[in-house]
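K.L.:
Sequence:
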Amino acid sequence: MLRWPSEDDTAACARRLAALPALRNAFIALHGDLGAGKTTFVRHLLRALGVQGRIKSPTYAVVEPHDAADGLAVYHFDFYRFDDPREWDDAGFRELFAGPGLKLAEWPEKAAGMLPPADLDLRIESDADGLRTVQLHAASAAGGTLLEAAAA
1 MLRWPSEDDT AACARRLAAL PALRNAFIAL HGDLGAGKTT FVRHLLRALG VQGRIKSPTY
61 AVVEPHDAAD GLAVYHFDFY RFDDPREWDD AGFRELFAGP GLKLAEWPEK AAGMLPPADL
121 DLRIESDADG LRTVQLHAAS AAGGTLLEAA AA
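Numbering (our numbering), first residue to last: 1 to 152.
Watch out, some of these pointers could steer you wrong.
Said to hold, decoys possible - Simulated restraints, written as ranges between beta carbons of each label pair:
1) Asp129 - Pro100: 39 to 45 angstroms
2) Asp83 - Asn25: 26 to 32 angstroms
3) Ala61 - Asp9: 25 to 31 angstroms
4) Arg86 - Ala128: 23 to 29 angstroms
5) Ala112 - Ser57: 17 to 23 angstroms
6) Thr59 - Ser6: 22 to 28 angstroms
7) Arg86 - Arg16: 36 to 42 angstroms
Just so you know, these hints were derived from the structure itself, not from any lab.
Idealized CB from N, CA, C, for every residue including glycine.
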């Protein structure tokens with residue numbers, strides 16, 4: 001379990017993950033209530049990967065593609081408003097998850113049964129004082145490498 005007392009701690013964890021080759025084709029699932037810090041973590045990770053410009057939440061678009069500084073394709077999904085399973089195939093999500101690149105998914109439980117297993121699950125909880133507690137679970141060798149770096 002990790003504790004992120006400040007946004008600087010969130011950013012430091014993101015920088016550690018961004019430095020790892022195991023991140024290149026990973027799928028990271030982000031769980032937590034509204035305001036827990038999922039999008040904040042993603043923004044820090046994308047900045048650490050060299051993504052320039054505005055980084056917005058894909059709440060309405062469902063997915064926002066990004067290109068990291070080294071050409072890495074990154075797909076940021078937000079399934080909060082996802083409620084039609086037909087949209088999965090119509091939007092080409094199956095192909096995105098099968099292809100190369102980093103996939104980051106907020107609210108993955110809304111697309112349960114369609115998503116592949118995540119390499120790394122982050123469950124973020126925030127208390128009234130803003131302290132974020134993060135539980136991590138790795139489901140692959142790449143996820144294990146990411147978990148070790150996140151916990152360092």
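K.L.:
Which constraints among the numbered hints does this structure fail? Numbers only, ascending.
P.N.:
4
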